[in-house]
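Participant: Take a look at the letters that make up each chain.
2 protein chains.
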Amino acid sequence: MFKNFVELETMLIRKKMKMKRLVLVNAHEEASLLSVVELAQRGYIEAILVGNTEEIQAILEKNNIKENYQIIDAKSDQEAAFKAVELVRNDGADILMKGFIQTSDLLKEVVNRETGIRKQAVLSHIALVEIPYLERLFMITDGGMLTYPTYEQKKGIIFNAIKVSTALDIKEPKIALLDAAEHTNPRIPSSQESEWLSKEAWENDVIVEGPISIDIAVSKDIADKKSYPGKIKGDADVLVVPDIISGNILGKVGTLFTDGKMAGIIEGAKVPIVLTSRGSSKEEKENSILLACYIAEGSV
Amino acid sequence: MFKNFVELETMLIRKKMKMKRLVLVNAHEEASLLSVVELAQRGYIEAILVGNTEEIQAILEKNNIKENYQIIDAKSDQEAAFKAVELVRNDGADILMKGFIQTSDLLKEVVNRETGIRKQAVLSHIALVEIPYLERLFMITDGGMLTYPTYEQKKGIIFNAIKVSTALDIKEPKIALLDAAEHTNPRIPSSQESEWLSKEAWENDVIVEGPISIDIAVSKDIADKKSYPGKIKGDADVLVVPDIISGNILGKVGTLFTDGKMAGIIEGAKVPIVLTSRGSSKEEKENSILLACYIAEGSV
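First to last, the protein sequences are chains W and G.
Just so we're aligned: 140 in the numbering used here is position 140 of the first sequence, and the numbers increase by one with no gaps anywhere.
Just so we're aligned: 163 in the numbering used here is position 163 of the second sequence, and the numbers increase by one with no gaps anywhere.
FYI, nobody ran anything at the bench for these hints, they're computed from the structure.
This one's a predicted model, so the numbers in the text were calculated from it and none came from an experiment.
It is possible that some hints are incorrect.
If several chains are the same, the list does not tell them apart, and a pair holds so long as it fits within one copy or across any two.
As the list claims (entries may be wrong) - Calculated cross-link-like contacts (lysine-lysine; reagent style DSS-like; alpha-carbon spacing at most 25 Å): (1) LYS282 to LYS226; (2) LYS225 to LYS62; (3) LYS15 to LYS155; (4) LYS163 to LYS75; (5) LYS18 to LYS233; (6) LYS119 to LYS171; (7) LYS83 to LYS220; (8) LYS163 to LYS226; (9) LYS282 to LYS119; (10) LYS199 to LYS16; (11) LYS282 to LYS220; (12) LYS226 to LYS66; (13) LYS155 to LYS75; (14) LYS171 to LYS108; (15) LYS270 to LYS226; (16) LYS226 to LYS62; (17) LYS233 to LYS282.
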């Protein structure tokens, strides 16, 4: 796993990644638009801005942005989401990004049976969190989309995390199914599910292990101290949580309790979907676009 | 709230706290015994060691500990727990501490209707976590005991957290009921429960607020950015989680993702019960004893 987002960006450059086409859905939101402009200026993406043309142009003017961007006018949230998804389906766009639109309104068009771009059975949220104290990144899933995933949905969450791990060039990704302890507990149904999930037939070069407590998953010292017999000993790449609340908490502490950084995307559609929250910084949005570029490149 | 554990210890000294009598249950475990000896040597506690006399003496000798400690022999886990609880009930001991014994075996005697020392309807785990990056402590509850608390149990968890806040001299404690977002969501039952809990008749000088996301609870910047209308804006003292998994994760990241410190106790019995995990450092055990001393002093 990468040490930090700077290393991730460096690797993108070394790979000589082809420029990606990013569609910003309802681009008339300053923070999202400026992060897209920044990444376009740095040469990673070609931006297509869907939304209220006048408002988009007003934001660009206000911020003294001289470049010309392709703007596609949309009068409603539904129209913006539809047109953006169409650009992926028919026109080869590589990345979708949520702007000033409700996540549910965007996803409704993504999963539309006739005109949508769903690829996997499950769409799931993946956060990539940089923990400076540990000098490494972790993937955390799902703290942003599925509230209380069923067993089948958990399989989809793990599947999507493996896909992203592969796109990020992680050899033999280690996927930890987090719980309150490293043994099953009849009073904690998710611990039993984690045991079953770990026994599913995953690809050969993937380690899926659980239930496992977070201290064993991220600290080799504690794994040794507890004489943990599994294959993950502090070196987990992916932390899978049993529900959205634990995932949301875990995803956010990286930036709240340290000076860590964060990125967020939705996986499972034909292209990665950049999805950050209202509270996200410009840097978080930029890191999310870089992550999406990496995934889009790896998926080619 | 205190900035760190050093400040908590300094306040104990300033308060001229009376020495507390601590009972270590099954004291024949090196890490726990040495932490108790350390705090006894520093003058905070008088230690009573219950357990296998020979093994206890062997550990003391091996570590060159010359002082005499009161040792009460016990042949079984059940006997050790019973005798320890009796020392609280009949002999005025101030603190119980779990040594080499299963938590459930210790608690069985604590809650015994005839001979136990239960005080409140609910016993709950409270972690005190120091986050150096934020220069402050948070209480986190319950990440160690109640798996999926019912509504009534959540009331008990909050009640116990208020008691400990009062013992820690926190004026107008701010108690955040964490969830994935700051609004209720019909697909997330705990968010509805948090809304009801926040409307219960709590004491006047206590703020109980939820559902609230962790970023609003611990970051004033994000609370402002999201225009959060509540009373907690990054200054929560207590973080209440909906289940043991989210609490366990949140409690541990403080020490895993930063060089933070941690303490853990169970509240709801006549005296605080020091409860740390197998993976806990000696420092964590010592901080937990200091916390228990503070609570025992505040409760007098």
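Participant: Hint by hint, note whether the structure agrees.
Facilitator: Cross-check of the supplied hints:
no. : hint             : result
1   : LYS282 to LYS226 : between (41 Å within a copy, 15 Å between copies)
2   : LYS225 to LYS62  : between (57 Å within a copy, 21 Å between copies)
3   : LYS15 to LYS155  : neither (31 Å within a copy, 55 Å between copies)
4   : LYS163 to LYS75  : neither (35 Å within a copy, 55 Å between copies)
5   : LYS18 to LYS233  : neither (36 Å within a copy, 43 Å between copies)
6   : LYS119 to LYS171 : within (24 Å within a copy, 54 Å between copies)
7   : LYS83 to LYS220  : neither (48 Å within a copy, 37 Å between copies)
8   : LYS163 to LYS226 : neither (31 Å within a copy, 33 Å between copies)
9   : LYS282 to LYS119 : neither (29 Å within a copy, 50 Å between copies)
10  : LYS199 to LYS16  : neither (38 Å within a copy, 57 Å between copies)
11  : LYS282 to LYS220 : between (34 Å within a copy, 18 Å between copies)
12  : LYS226 to LYS66  : neither (59 Å within a copy, 30 Å between copies)
13  : LYS155 to LYS75  : neither (38 Å within a copy, 48 Å between copies)
14  : LYS171 to LYS108 : neither (34 Å within a copy, 47 Å between copies)
15  : LYS270 to LYS226 : neither (42 Å within a copy, 31 Å between copies)
16  : LYS226 to LYS62  : between (57 Å within a copy, 23 Å between copies)
17  : LYS233 to LYS282 : between (34 Å within a copy, 21 Å between copies)
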